[in-house]
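Let's have the full structure, built from the sequences with the hints guiding it.
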Amino acid sequence: MNAKPIILQVDARKSISEIMSFYVREGGLLPAARFHGVLHRAIVQIGISPAIGSRRWAEALNMARLRHWRVGHKFPQEVFYIETEDHVRVIDVIHERRDMTQCLSRD
Amino acid sequence: MLWEWVLDTHVRIRLTALSNFCGRSMHFIPHPDDAPSPVPDRHIATMATLNLGLPDDLLAYLDEQAFAHGHDDSAQYVVEVLHQHRERQALKSRLINSIKSGPAGFADDQYFKELLEEAEAEDARLRKGARDER
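The listed protein sequences correspond, in order, to chains Y and A. Position one of the first sequence corresponds to residue 1 (this note's numbering), numbered consecutively onward. Position one of the second sequence corresponds to residue 1 (this note's numbering), numbered consecutively onward.
If you are wondering where the hints come from, they were derived from the structure by calculation, not from laboratory data. The C-beta atom is built at its ideal place from N, Cα and C for all residues, glycine as well. Among the clues, some could well be false.
Listed next, with one range per pair, are the computed distances between beta-carbon atoms [stated by the list, open to error]:
no.	chain 1	residue 1	chain 2	residue 2	range
1	A	Gly102	Y	Leu30	27 to 37 Å
2	Y	Glu85	A	Ile96	20 to 30 Å
3	Y	Ala51	A	Lys92	46 to 56 Å
4	Y	Asp86	A	Ser101	18 to 28 Å
5	Y	Leu30	A	Pro55	52 to 62 Å
6	A	Asp132	Y	Gly37	36 to 46 Å
7	A	Val81	Y	Leu30	17 to 27 Å
8	A	Ala124	Y	Arg65	51 to 61 Å
9	Y	Glu85	A	Asp108	42 to 52 Å
10	A	Ser101	Y	Glu85	37 to 47 Å
Here is the structure:
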């Protein structure tokens, strides 16, 4: 299986660390470890098949090639990424309801 | 409601732009005897009124779209569209800033191992802090 390597942007890395420390503070190690596992699985999945993500925001924000993929069923974060020729670049991990608008889910 | 629209040759749209979405904002009216607070109270909705001239075709389009999106009042629809626009721009600028921030490294097994170790260290630190308080 030839998976594309995943590169994290500086801000994406920061967001992931913030989410992890939020879960550690609020719920202890268990939810943080769960989020960690689910995020790992999602990122591996994105590397294997980058076309899996939705292109809904690409049109709305006029950013071609932008895709996003839900971290897991039980977590509200979405991974935003861009696929290039030889790698996948994770731009940000964003909370679906707190950071994003709900306007598109209403459309 | 429609008669509000037919004022003069221009159309008057009342935008009731709530500056915040506090649920009780509409019900909280301070008594005039109350001393005015030095800082403006965030719970009082500040509303501005905007008079907007629209050509006939745009007005027809606006009414049609407002109806299609389930608004009785076209002005409400304008407010909603403005909110949507602002939120989309906020998301877009967040993503663009992240693209500008540059690559940080590969998200490989090593990275995820370190991420979990960081969380464990923070958890241990928090537990130790809680124990010391006791």
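Okay, the hints, checked on the actual structure:
no.: 1; hint: A/Gly102 to Y/Leu30: 27 to 37 Å; result: holds, 33 Å
no.: 2; hint: Y/Glu85 to A/Ile96: 20 to 30 Å; result: holds, 21 Å
no.: 3; hint: Y/Ala51 to A/Lys92: 46 to 56 Å; result: violated, 22 Å
no.: 4; hint: Y/Asp86 to A/Ser101: 18 to 28 Å; result: holds, 20 Å
no.: 5; hint: Y/Leu30 to A/Pro55: 52 to 62 Å; result: holds, 60 Å
no.: 6; hint: A/Asp132 to Y/Gly37: 36 to 46 Å; result: violated, 31 Å
no.: 7; hint: A/Val81 to Y/Leu30: 17 to 27 Å; result: violated, 43 Å
no.: 8; hint: A/Ala124 to Y/Arg65: 51 to 61 Å; result: violated, 41 Å
no.: 9; hint: Y/Glu85 to A/Asp108: 42 to 52 Å; result: violated, 19 Å
no.: 10; hint: A/Ser101 to Y/Glu85: 37 to 47 Å; result: violated, 21 Å
Violation of the numbered hints given earlier is confined to hints 3, 6, 7, 8, 9 and 10; the remaining hints are satisfied by the structure.
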